[in-house]
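Given the sequences, and given the hints that come with them, work out the whole structure.
Chains A and B supply the protein sequences, listed in that same order.
Each residue of the first sequence is one higher than the last, beginning at 3 in the working numbering.
Each residue of the second sequence is one higher than the last, beginning at 71 in the working numbering.
The set of hints was computed from the structure by calculation and includes no laboratory data.
Being a predicted model, the structure only gives us computed values, none of them experimental.
Any given hint could be a false lead.
Unchecked claim - EDC-like cross-link-like pairs, simulated, lysine to aspartate or glutamate; straight-line CA separation at most 20 Å:
(1) K81/B - E173/B
(2) K62/A - E173/B
(3) K54/A - E173/B
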Amino acid sequence: GDSVTQMEGPVTLSEEAFLTINCTYTATGYPSLFWYVQYPGEGLQLLLKATKADDKGSNKGFEATYRKETTSFHLEKGSVQVSDSAVYFCALSFPFSGSARQLTFGSGTQLTVLP
Amino acid sequence: DTGVSQDPRHKITKRGQNVTFRCDPISEHNRLYWYRQTLGQGPEFLTYFQNEAQLEKSRLLSDRFSAERPKGSFSTLEIQRTEQGDSAMYLCASSTGGGPDTEAFFGQGTRLTVV
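Shown next as structure tokens:
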């Protein structure tokens, strides 16, 4: 079945460091790809998305590029801030097949940014 | 509209008791999802409603679980004869449509602890 594999955490960085969180997927077909973020005490929020190969999603300084050849969607940020400390989830869905089109999530990566 | 609302936020129950959770989606959203998230894992899909119709259920949804969305607005998730393995965060999400750009909005979840 479909699955998402994320880089295991936790990840601890100093402020202004470069961030990469790896995400690869296994799926039959061409899913839409997402990064969700969960700040402490809050619900999951969509961070960015990409719906087809070579698309780049970006938001709040974060970027991820849909790489069909490597089935990857790695999350990057050039300079992290303390406020980026959260759990990051990579996810996929198939918007054009089936009725539910539910999200399949990775296990999450805890990021802590130190001042 | 303040987003997806879930009630209660926390529930502690004794093994064998029944529990019911409520989800109020964003008002114009016709799609509603329930997910379960255990510690250190990403959310896993449980079930999906389009308006009042429950159109898909995961294998995770045993016969002790039942979900309803009687008027196509709020939804309830009931767990009968709770077991310790039911301890988890139960998340509700809602969305419009189901195309590749559709964003699912999540509630803050109900954390269930079965003792």
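Going down the list of hints, with the structure as the test:
In summary, the hint linking K81/B to E173/B is not supported, as the alpha carbons are separated by about 28 Å, beyond the 20 Å threshold. About 17 Å separates the Cα atoms of K62/A and E173/B, which keeps this hinted pair within 20 Å; it holds. Between K54/A and E173/B the CA atoms are separated by roughly 16 Å; this keeps the pair inside 20 Å, and the hint holds.
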